[in-house]
Structures are given as C-alpha cells and as structure tokens.
Amino acid sequence: MDRPASTFLFHKSEFIFRNPESEIIAFESDRSKIYFSRSGNLLVSLDKSPFGSFVLTSETKKSDLNTLIGNIVEWSTANGIANLMIRSFPEIYNPYYNALINEAVIDSGFSVKYKDISQVIPVSEGSINLNTHKKRRLRQAKSLDFIFRETSLDHLKESYLLIVESRKNKGYPVTMTLSDLGAMFKLFPRDYLLFGVFDKSKLIATSVCIKVNEEILYCFYIGDDLAYRTYSPVTLLVSGIYEYCKHQHFKILDLGISTDKGTLNKGLYTFKKSFGSLDSYKLTFLKQL
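This note's numbering puts the first residue of the sequence shown at 75, with every later residue one more than the last.
Don't take each hint at face value.
What the hints assert, rightly or not - List time: in silico DSS-like cross-link candidates among lysine-lysine, alpha-carbon distance up to 30 Å: (1) K107 with K325; (2) K189 with K231; (3) K325 with K347; (4) K107 with K189.
Said to hold, decoys possible - So the derived label-pair ranges between C-beta atoms look like this: (5) T81 with A156: 30 to 36 Å; (6) I221 with S113: 41 to 47 Å; (7) L261 with H229: 15 to 21 Å; (8) P263 with P196: 26 to 32 Å; (9) T206 with D104: 52 to 58 Å; (10) F259 with S96: 15 to 21 Å; (11) H207 with P169: 27 to 33 Å; (12) A173 with E95: 31 to 37 Å; (13) L261 with Q214: 34 to 40 Å; (14) A257 with I221: 24 to 30 Å; (15) T141 with E97: 23 to 29 Å; (16) R241 with G144: 40 to 46 Å; (17) S96 with R241: 23 to 29 Å; (18) K325 with F345: 21 to 27 Å.
Simulated from the structure, these hints should not be mistaken for lab results.
For each residue, glycine too, the CB sits at the ideal point set by N, CA and C.
With these hints in hand, go ahead and build the complete structure from the sequences.
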C-alpha cells in the first residue's frame with residue numbers, strides 16, 4: 075500500500091537544528107532516519123521537542139528499521155552511550171507508522187519506559203462534543219459577549235503572562251521563556267499560532283498552538299485569567315480553536331498529554347475529557363546498552 079511519508083514539523087531539519095548549541099546526532103538509511111540529542115552517555119530522540127522517533131518513507135519496512143537500530147546500537151556502544159531513549163508521537167498521528175515503529179523497537183530490545191496519554195479531539199463537520207457543564211459555560215461566555223479570535227504577536231507578552239500565571243497556579247512548570255517562545259513564532263510564522271478570548275479589549279484566555287502538519291493542530295500552551303475562571307473562558311477558547319480547525323481542514327486537535335512520565339494527572343485528564351477528547355498513547359522507549 076502506498077503511504078505518505080510521516081512528515082511532522084518536529085521532524086523537519088529546520089526545527090531539529092534550530093538551536094546551534096544543541097548536539098544533534100543523525101542516523102539514516104535510504105528509507106528511514108532518526109535524530110538524537112546527546113547528553114553525556116544518553117541519547118534521546120528528541121529532548122527539546124514534543125517527540126522524536128523515526129522519520130519514515132512510504133517504502134519503509136520493519137527490516138529497514140531493525141537494520142538502522144542495529145547501526146545506532148553499534149555506534150552508541152563504540153562512543154560511550156549507555157542508554158538510548160526514543161520518544162514517539164501519539165499513535166493517532168499515524169497509526170500505521172506507529173505500529174511499525176513499536177514492533178521494530180521492541181524486537182530490537184527496547185522496553186516501554188513511559189506510557190503517556192495524549193488527549194485528542196477528532197475534528198468533524200459537527201460541533202465540539204462538550205459535556206453538559208461545558209455547554210452551559212459556553213452559553214454563559216457568549217452571553218457575556220466574550221470574543222474568540224486568532225490574534226497577533228502584539229499580544230504574545232500578555233498571553234505569556236497569562237500562561238505563566240495559570241501554570242504556576244496549578245503547579246506546572248513553564249518550559250520556555252518569553253524570548254524563546256517569540257523566537258519560535260519568528261522562525262515558524264506559519265506553524266505557530268496565537269489565539270485569545272477577550273472581554274472587550276482585555277485578554278482573558280489564550281493558547282499557543284502549533285501546526286504539526288496539514289491535518290494536526292497541537293495546543294502547546296493554554297492559560298487564563300484567574301479572576302475570570304468562574305466563567306471558564308477556556309471553554310470558549312477550545313471551542314473556538316475547534317471551529318478554526320474545521321475551517322482550516324485539520325482532522326485532529328491535540329490537547330496534549332495528561333500524564334507526567336506515565337503518571338496520570340486526574341484533574342487535567344477529566345478537564346480535557348469534558349471537551350469530548352479521546353485517549354491516544356504516546357510511548358517512550360528505552361534500551362540500556
């Protein structure tokens with residue numbers, strides 16, 4: 075069967091090599107390739123991206139992957155590497171390639187280190203599948219004349235401060251500085267998007283989204299004004315992003331993982347379920363040499 079190459083933004087060389095200070099090691103064959111970040115005696119694919127794993131072509135077979143993995147192990151053994159870690163993409167992104175990769179790495183002696191859960195919303199012609207509580211919140215936000223829209227980088231600093239405030243309130247770290255985030259918008263202006271919900275001119279909820287490819291939009295960061303949380307402007311935000319996905323012909327809205335190294339965050343999981351999300355496993359594999 076003819077299958078397209080597994081092209082994701084995070085697999086493109088301009089994304090992988092965006093930081094010249096990072097030590098990136100590439101392994102490739104005619105039908106597959108993979109990039110690793112090196113940290114001491116550990117190789118990770120990839121540590122500064124949502125995922126790494128293999129880049130495949132329509133002709134890649136499991137035997138091709140097994141051969142490439144053998145070459146990686148041989149090089150690693152000769153160069154002082156003790157552990158190989160492969161961080162894969164959510165299975166729903168490409169079920170065929172996901173299954174092919176999983177089988178190849180397990181056959182090559184890797185074990186599953188972490189089994190994370192990505193929560194995704196399939197985009198259809200219908201409305202977003204909110205639960206009853208979220209439907210009430212959406213009606214309330216609209217009755218208050220809150221407005222959803224894609225916004226410009228003029229609001230990036232304001233958005234970032236909301237994101238920091240929200241994550242600090244929930245005890246989550248913020249993995250990027252404002253400067254680093256701004257740099258990504260400049261490097262990938264068509265792939266990094268900024269959305270907001272406004273009470274008149276005041277930004278009260280925001281999301282940084284990343285265009286993974288033509289079919290997948292990933293909510294990278296979400297934040298809201300704590301003073302408005304009782305009105306749940308995030309409900310209008312996610313609903314608005316879903317409508318954006320419909321009009322732009324995306325098939326998947328990825329709300330991100332609700333686990334930390336395989337440990338479930340029940341509150342976050344339940345919150346995302348209220349938007350009608352489905353579970354999709356995102357595996358991290360480890361091989362000790």
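Results of checking the hints against the structure:
1. K107 with K325: The given pair, whose Cα atoms are some 26 Å apart, holds under the 30 Å limit.
2. K189 with K231: 34 Å, violated
3. K325 with K347: Within the cut-off at roughly 18 Å; holds.
4. K107 with K189: 23 Å, holds
5. T81 with A156: 30 to 36 Å: The hint (30 to 36 Å, Cβ to Cβ) holds, given that T81 and A156 are roughly 32 Å apart.
6. I221 with S113: 41 to 47 Å: Taking Cβ atoms as reference, I221 and S113 lie about 44 Å apart, which means the hint holds.
7. L261 with H229: 15 to 21 Å: For L261 and H229 the Cβ distance comes to about 19 Å; the hint holds.
8. P263 with P196: 26 to 32 Å: Holds, since P263 and P196 (Cβ atoms, about 27 Å apart) stay within the stated range.
9. T206 with D104: 52 to 58 Å: 53 Å, holds
10. F259 with S96: 15 to 21 Å: Once the Cβ atoms are compared, 19 Å apart, the range 15 to 21 Å for S96 and F259 holds.
11. H207 with P169: 27 to 33 Å: Holds - the Cβ-Cβ distance for H207 and P169, about 32 Å, lies within 27 to 33 Å.
12. A173 with E95: 31 to 37 Å: Holds - the Cβ-Cβ distance for A173 and E95, about 35 Å, lies within 31 to 37 Å.
13. L261 with Q214: 34 to 40 Å: 38 Å, holds
14. A257 with I221: 24 to 30 Å: Hint holds: Cβ distance 29 Å, inside 24 to 30 Å.
15. T141 with E97: 23 to 29 Å: 24 Å, holds
16. R241 with G144: 40 to 46 Å: 41 Å, holds
17. S96 with R241: 23 to 29 Å: Cβ of S96 to Cβ of R241: about 24 Å, so the range 23 to 29 Å holds.
18. K325 with F345: 21 to 27 Å: 23 Å, holds
Taken one by one, the earlier hints fail for this structure only at number 2.
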